[in-house]
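Going down the list, the sequences are from chains A and B. The numbering of the first sequence is our numbering, which starts it at 1 and goes up by one. The numbering of the second sequence is our numbering, which starts it at 1 and goes up by one.
Bear in mind the hints are in silico, worked out from the structure with no lab data behind them. Some hints could be false.
A pair holds if it fits inside one copy or across any two, identical chains being indistinguishable in the list.
[Said to hold, decoys possible] Computed list of lysine-lysine pairs in BS3-like fashion (alpha-carbon distance at most 27 Å, straight line): (1) Lys320 <-> Lys41; (2) Lys375 <-> Lys578; (3) Lys320 <-> Lys307; (4) Lys58 <-> Lys286; (5) Lys486 <-> Lys58.
No experiment lies behind these values; they were computed from the predicted model shown.
Spelled out, the chains give:
2 protein chains.
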Amino acid sequence: MCGLEMEFVSSGIWKLRLGTPERITPVSLQEKEILNEGLEKLPSAHYPPISEKEIQFKVTRRGCVIELPLDEKEQIFGFGLQFYSFNQRGLKKQIRVNSDPVADTGDTHAPVPFYVSTRGYGVLVDTARYVTFYCGSHSHSRLTPDAIESPNMIIEVPHVKGVDLYFFSGPTIINAVQRYVLFSGGGCIPPYWGLGVWYRTYALADQEIVHKHASYFRSTHIPCDVFGFEPGWHSHCYSCSYQWDLKKFPNPDRMIMNLNELNYKVNLWEHVFVHPTAPFWQEIRKYSGNYEVWGGLVPDFTTEARKIFADYHEKNFLSKGILGFKLDECDNSDYRPKPWSFPEVTEFPSGIDGEQMHSLLGVLYQRTIWSIFQKHNKRTFCQTRSSHALASPLPFVLYSDLYNHQDYIRALLNSGFSGLLWSPEVRNANSAEDLIRRIQTAVFSPLTLINAFQMKNPPWLQYDIEKNNEDILLENYKELEHIVRKLFELRMSLIPYLYSAFARYRFEGIPPVRALPLEYPDDANTYQIDDEYLLGDSLLVAPLFAGQQSRKVYLPNTAWYCFWTHQKYEGGKTYNVKADLERIPVFVRDGSLLPLARSLEFIKQDVCFEITVYIFGEKPAEFILFEDDGETYNFERGIYNLVKLVWDPKEGGKINRDGSYSGIRYKIIEWKRVAEDSL
Amino acid sequence: MCGLEMEFVSSGIWKLRLGTPERITPVSLQEKEILNEGLEKLPSAHYPPISEKEIQFKVTRRGCVIELPLDEKEQIFGFGLQFYSFNQRGLKKQIRVNSDPVADTGDTHAPVPFYVSTRGYGVLVDTARYVTFYCGSHSHSRLTPDAIESPNMIIEVPHVKGVDLYFFSGPTIINAVQRYVLFSGGGCIPPYWGLGVWYRTYALADQEIVHKHASYFRSTHIPCDVFGFEPGWHSHCYSCSYQWDLKKFPNPDRMIMNLNELNYKVNLWEHVFVHPTAPFWQEIRKYSGNYEVWGGLVPDFTTEARKIFADYHEKNFLSKGILGFKLDECDNSDYRPKPWSFPEVTEFPSGIDGEQMHSLLGVLYQRTIWSIFQKHNKRTFCQTRSSHALASPLPFVLYSDLYNHQDYIRALLNSGFSGLLWSPEVRNANSAEDLIRRIQTAVFSPLTLINAFQMKNPPWLQYDIEKNNEDILLENYKELEHIVRKLFELRMSLIPYLYSAFARYRFEGIPPVRALPLEYPDDANTYQIDDEYLLGDSLLVAPLFAGQQSRKVYLPNTAWYCFWTHQKYEGGKTYNVKADLERIPVFVRDGSLLPLARSLEFIKQDVCFEITVYIFGEKPAEFILFEDDGETYNFERGIYNLVKLVWDPKEGGKINRDGSYSGIRYKIIEWKRVAEDSL
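So that you can see chain A by itself, here it is in the shape it has in the complex:
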């Protein structure tokens, strides 16, 4: 397009200003700085991946339209936490936040106007509008009967007279994702405890039930690090009072202290809608939108509302020992019988309208909550039901009330393309098998969460909600409890491995969960595989769904070892893999060092993991453990160690610890060469 020029942003990142963009956009509100030191380590890129000349732009009555070329073979992925489709080539997606998408329209809790191509580039449309992407779905009318036109990527941004596009170079698709994440400020690193097991308790629980549940894990030695409260803790909820219901919880401060003494981190549910009984209602009113939700105000967190809300949370929660929050309903609702969230016509004091606020609210809310933890140099790991662009630095994991297991896996794969974290949380189940299959997925995910808000007892004692609440337990609950304990112990043993994956997320922009095309963009076999994924550097996970005794697993080109039996598989093939109830297909990449820790019941402040390093293949690559205090942001100031594990076939294992952190988090107790069927 004539007259336009790409502007260099940082290594391999260009910006193209088309027309006159709006004032409020994801990039304009961004608070984290670009992680340039990470970008500089990526392959250099001298030219933008798409040239200005190939780009069409026009302003219409509806907004503006951009067309970008697509070649015949390239495949498109991304658009945030999509549930219903994986490969986006040929599809239409409207990037609109919604809690209950019912079809593959683009609606999701975390829509992101960003996509990547197997041709090795990414494109961010910097807008808080409900932008629509036609991913090669429509062809221009042909000029003559025989002259068939090849379809473009068509992007429509409504209501604007212009927009900034950001282009992220490769050369490979993963490099484009890395650049996007580093442009966002890098990925988050959770505290060690965030990678343990989370349990959210019964919504109707009182202090007694809380105590019972908290004791349960410790007495059964089932690992659990985080104890979460659901809506019932508020004195008024839907909308929120942000005050304890003193009838159910006569002494919340002591209860929290008790939970802390039992080595639980405490997490509180809330949403953003401020009920008139909230102590700061009067103060925050003038900084809120002009429509209510469930009788509560909607604060505009780009104004003074942020400080009012944050200060209240700091004083009343953080200072009392609360280490995290679950931010519910910051998305929107269009597919429910009655719409509950604020309308798109809402006006906010900053000038943001309802559409923009719907896109941004999740991110603004996360930043507001995160700010109090940052202020105290304390890491947190939280949950959010909505997110958007540039969210990778935020220590929040997405969740949903949708509950289809296959869709949850697809969302897990898709989340990585947009620098998001997703928690396939476990609630109830249709059968013991369904429950275990869901827990297995959760164990191999960014957040292992059991949300028992509907249940008086943990779901493995009774997965049926009604029976559970009548205290009718399963006959074989001891058996299930045993399986669940083993799975959670496995989770705990993965923490050092996962923590290092998150360090790569932070410093290099590599998401901890990745779909296969991110690693194997030239392997067309991977383009439609929406049910297996890479977790960290070395593991390929292929979850099972209830009813499956076996499943097809495609192993890309390299050799792989079964995680459980160490049996070796040739790459580039599809296998029918059988599995029993206790295991799902998991494979270790040939040439990996896999550090697995001795399981702990919970993470203490002075945690030190006792690690066995498993050696897969003849010439394994080095593995770098990330080591720091695990609970502050001192690592941002360089206070951490890189613990390099190297295996030399002749000389054996070597450990090279480098950095300025003075503590020791990892003790290597054994190096173990795996042979086939060694377990």
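On the provided structure of chain A, position chain B as indicated by the hints.
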């Protein structure tokens, strides 16, 4: 709102111009004139139903927003062919055309930006945009904790800087609907044959199967008036060539002649997307949009394209004896895995964009096809899959690929609020019972259509598609055939009654199918009843669904008689009504004269109905039969008769024929007082 003033349009109709409206709107494209003579007969209204001062208007970055007051009790209905909700109070509806709505979002084949209120008024938002209505679903933020705000009707029109609102006065809700229909140009009157039974044949049929099916009805004496062809008749389809497939149909002209000789009217399936093999592709190309659908052009019917398309149809179809068309896929697609229709960013030669064209295409396509019949002063009755505002004069009935029987009934009720006609067509079924229940609904609807496009045999010979196509017929098909024949004979006997209902639609704006709140707006019991309706002046129909042996029927305040047994029921009560397979609950209003004709197998040009007049109640109101040639538009020039039926308890039945039509269509052969249980 200051500075704005309502403009008088016609009796009880006002227009309020807000800001600067767009050039292309439903009213700007309207071709029929307001039917003022009908409006003048309605109760006079001296003031608009809502005053300018009560209306808020603002232009935003997204478009414009209007707020209208709602009182606490008023109920809202309308928005076109809604499938998933009936009473709209408290709901959000986006008026967007779509073929496969999956939730209650407002998407439908025929969204109409028009609603009516039980407070006795209607509002039309004159726009081809996807306007959103928040029907009292959201409250403004309160000023103090105790000052709860009452919600308004919020209307957001995207992408515009202004819009015209049209207000339709009552005093009652039916008057508001009447004014809207008369403003649209009045309702359509189908030819007599349009009210008979329609059969659409197997999509893969060749000439032989067509002959077999056409002979079937005549040999079994099952009434059938219209014979329809599905996509397979085109030499290329998806997109369309508009030429016969000569392999399947070596001599289409003769085949049509043969069908005509068998007294069938022939109807052809098509859609609007012009394949390169269509003879007029080259000619229409420059009058088409810049995106293709299924490789076909999308003509812009506000340009020369209309004449090209119409002329071709006139010459190649109308002149060969084709009397109607089925206009498929003129809606849109957003909930399918792959979107097939043109994108909203499409540009059309007239300056219409894709969004506007999606809203308008159904109506423009109908007008294009209708124009050739108008030119020849020949009435038609057709099918369309999309419609919009001001469509009541168009002789087209809506249909859908959705197939939930309950939703079909709800759509039937909703269609009346917006001056639309809807055909709950019958395809396949899950059981014989399901099939009969669906046919019963079709018999008591504006169009009785069996669409057997998936089946080699009529569905009552075998409702299961696979078995049907293997010619495995039901064991009891003779029994079903008998029931179906009886039902179709009932349909034929209703034609004079229905024809008169359509005359009221045309001249008075009263839709032939009406939900109960239209007649009983003060009866709150009717506000949620989405499964019973009034058909014409006297009948209340309560369809049954497969699996029901009985159902609850609310009879509003007046006495009612069972249509079948003549048993009398007090009004204002809910009854549990039992039914066998052959009958559904139908009631006749006390004080009615009900003309029922002797059934015919088909309508011939010189048809004369032999009528028995049933007398319900002591002092029945007069009934006016509408009489004309039944096939031309001469009635628009006043060439018709009103045949007034009057029952005097002392002197008996009187017939008063008045008008300038010289033919005789109705012969009253008997007057029959009904006593309870007289059948």
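Hints breached by this structure: Per hint list: 1, 2 and 5 violated.
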